[in-house]
Amino acid sequence: MTVKWILHWTPTPGSVVNSQILSEISQCVESFVNAVKDGRWKATLTFYRPNLRDQSIPSEFPRDFLGISLLEQPNKYYFIIRGNKIILEADSTILTIMEKLQSYKSKVALNFEGVQYKMGDFQMKVVKVVPNQAESLRGILIEIEYLPLSSIEKAKPIMEEFLEVWREVMSKKSLPGHFTQTEPHFAEYKLPDNYTSQHTAIQYAAALAQLIQSAQLRG
Amino acid sequence: MIHPGFHCHKSEAHKSPKKKSEAQSHLTPAGAGPLCRHRAAAVCLFPAPCVSSRRPSSLPLSLPSCVSRDLISSQLSHLAFLVRVISTTTPPSPCTLSLCCPVASEVRLLCDLEQAEPSWTVRHIGGAMRGAGAEQISVLVRTMVESKASKNVLRMFYLLGYKLDHELLRVGFSFHFSRGAQITVTVSSINKMLKLHATDEAVPVTPGIQLVEVTAPATAETYAEVASAVSFFCEYLAPLLHLSKPGISTGVVPTAAAAAASLMSDGGGTTL
Chain F
1 MTVKWILHWT PTPGSVVNSQ ILSEISQCVE SFVNAVKDGR WKATLTFYRP NLRDQSIPSE
61 FPRDFLGISL LEQPNKYYFI IRGNKIILEA DSTILTIMEK LQSYKSKVAL NFEGVQYKMG
121 DFQMKVVKVV PNQAESLRGI LIEIEYLPLS SIEKAKPIME EFLEVWREVM SKKSLPGHFT
181 QTEPHFAEYK LPDNYTSQHT AIQYAAALAQ LIQSAQLRG
Chain U
1 MIHPGFHCHK SEAHKSPKKK SEAQSHLTPA GAGPLCRHRA AAVCLFPAPC VSSRRPSSLP
61 LSLPSCVSRD LISSQLSHLA FLVRVISTTT PPSPCTLSLC CPVASEVRLL CDLEQAEPSW
121 TVRHIGGAMR GAGAEQISVL VRTMVESKAS KNVLRMFYLL GYKLDHELLR VGFSFHFSRG
181 AQITVTVSSI NKMLKLHATD EAVPVTPGIQ LVEVTAPATA ETYAEVASAV SFFCEYLAPL
241 LHLSKPGIST GVVPTAAAAA ASLMSDGGGT TL
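Protein chains in written order, with the numbering used here: chain F, 1 to 219; chain U, 1 to 272.
Chain U on its own, in the form it takes in the complex (with noise of 0.2 Å):
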């Protein structure tokens, strides 16, 4: 599960306003009061999912082939630093990790605009796990149900009574690895559209900077060893990355070469 808010932080350890890295997109239910009975119900993005095939032209840097063969080879660049490390999980006992401030529930309408023929899912995403557990992991779990949806999901959410928040376009790449949980990072350039629904004139939210999130699914018997596995992830990407709970400043990498032997070692220090 996507969580909506995430701090970005530049390589100069710049910390963007908390709002608006929590700019996302918000389809609320209709009548507000009578019907709604969280208040950030859902959120539209345009579209949702990266294609990890995918080269993103602003990344400038170019690193040799990651350590692992899990990874896709990719151009890093100075990276946006996610705060908060996501996971999602599927029904029947959803549950998702999650670095971040508790949030209410909300619902997004993705599209994914790699395909030939553009595809929506519809995406809930539950309020933050809470309590002592919750505390003390050092991910947060959130609850996330999606469904596959036809094309006039949209339509029928407005004729449903929802209207649109906000929309966001994300580009970027994804990976996948098997460390314990199945963990996918994506990391992806947020850009707002200035007019609804014209993606080809999206300007970045934070011009530079990349998203970047760690999810892993879970159910309600695993998160624990799930958000495990996250945490020990998250660690062995310190060297490029810092992830942490929300509201905590990110570190930051100094030097790309550094960022480069990580990825080249095999995550116990070795260099391949």
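Isolated chain F, as found in the complex (with noise of 0.2 Å):
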């Protein structure tokens, strides 16, 4: 599997996120010379919070266990303890079991709905996140995967050079905000180098994460 970036938008402090915002920066990617839309992509990850009669005692039971459904891997699913920092590959069967086990429950679930585009070696998602059944715009990602590539450290310099071409043409459109990359701290997952669906999901966890954190602090 090919090396993947995923960046999220930071809004400005006091602008929001908004359609018109994911609309610019869809027309940016556009711009790019040789760039084709290539279909539409979907994930979804679910936030997980135990099943405790009562749910007033406080527990030791985690509080950020996460689940994470890839399009490209169907028949797979990703759970992430992001507190430490461990990442399970299971078959997507690993649902039916967790539902009979009944000690964890879904809280929330989030649905990254993104537009795809080729542009030679590299393939961007413009990806929008919203609330599972819901439409209201939550947040703006961006992914950014250079094909020739597995080894996460020899695309770095390369992925750095096409981030610098993205936010010069970003800058363009003078939006109200910027792309930042959670660093996903791939090592501490004890992930190797060559890249996989599980480092997708991680930096998609990272990313909602960081959009959280965000969102909290505008409020």
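Do not take every clue at face value.
To be verified - With a straight-line Cα cutoff of 25 Å, these simulated DSS-like cross-link-like pairs (lysine-lysine) come out: (1) Lys37(F) - Lys172(F); (2) Lys148(U) - Lys100(F); (3) Lys85(F) - Lys148(U); (4) Lys192(U) - Lys105(F).
Just so you know, the hints here were simulated from the structure itself, not pulled from any lab data. These numbers were taken from a predicted model, which means no experiment stands behind them.
Mind assembling these two chains? They're in different frames, but the hints should get you there.
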């Protein structure tokens, strides 16, 4: 699997995320030379909470336990406990098992809905974050993928160079915000240098955590 | 689905105490009360499935090649007699067949040590099917769901608050048949580890006795047919093994020669 970077939109203080900004960002991508729209993409992230009889009792169970499904891995599911830097990749039947165990319940589910663009050796996705069964825009992400390489370290300088070009394109729009990459800390999750879907899951989880934190600060 | 409880009997018809025979490991959900909806929630087995080509060193007798080409030639000895016939199934309509006492559901983490890189499976086994229909069939039906998982699955369950109840090491053979259902027979020794995860220091739970399990996958629509196929298959094995519901003493094959003759026949009494 080839290397991806996921960045999240950070609005400038006082501004908000809305569909206008999403549209402007999409136009920036489409303005790239050779950019071709290449279909839609989706992922779902679910926050789980422990199923306690008395929710008021402080528990020792993780509160940052989440699960992610990715369109490109339809038969897999990824569980992450961010605080413990652990990711589990399992068959999607693990959801049935969790349902039967009833020890954790789904609390909140968010959808990542993206439009993919091909542009030579790169692929980009413009991703909107929306609650499950709702349309309100909660955040914007972009995913940059460099197709020739699977090594995260080797791809780093190339990705940084691309990012500089991207920021230059974005600056012409004078949008109220900028894209930020959250350090995914792959090594802490004991993931190898070779990129996998687990790396993708961790990045989306990290990006969402940042979006939530930013929203809370603005609120 | 592997049923947790089973009786192992020596050829002398010694009945193992039920408590020992149900010495399976369980991971229990953390916090006991608040999160625990079932008593014996999970099982951790080190490792799980047997490899059919493996020869157990503890089996002295040698039999000629088996009657069915489905069977891999193997060495058989005095067999532990499985009281329970169990079966596995896969989603989306999980249904298992088993001859055993109704038990609570459980979750197990299975590690296959036969591979170069150990692989892990999470297996949830539901409580037994009950009711008039269940009593009429000679096997027990239990739901089972499996999921392959990455190697940190045990750590993940610990972090989610689950506790290790116990762990066991299974070593043996498995055989696959197509007899009206996809039937798997496993013959294995069950070993306990005196120290946590110390598979090299495992000791047999019942020395000299192997557990024989007969399983077959089924769905909610097919379980009656599969139950019938499994029962018929058990009858076919009758000269060698008497498989019955738990609590009922199994029979013992009087001689190894009779066992060999049975396996060499085509199941219809004709010697090949």
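Status of each hint after checking the structure:
1. Lys37(F) - Lys172(F): holds (22 Å)
2. Lys148(U) - Lys100(F): holds (16 Å)
3. Lys85(F) - Lys148(U): Given pair Lys85(F), Lys148(U) holds - Cα atoms ~21 Å apart, limit 25 Å.
4. Lys192(U) - Lys105(F): Distance ~34 Å between Lys192(U) and Lys105(F) Cα, so the pair is violated.
Going down the numbered hints, you'll see the structure goes against just number 4.
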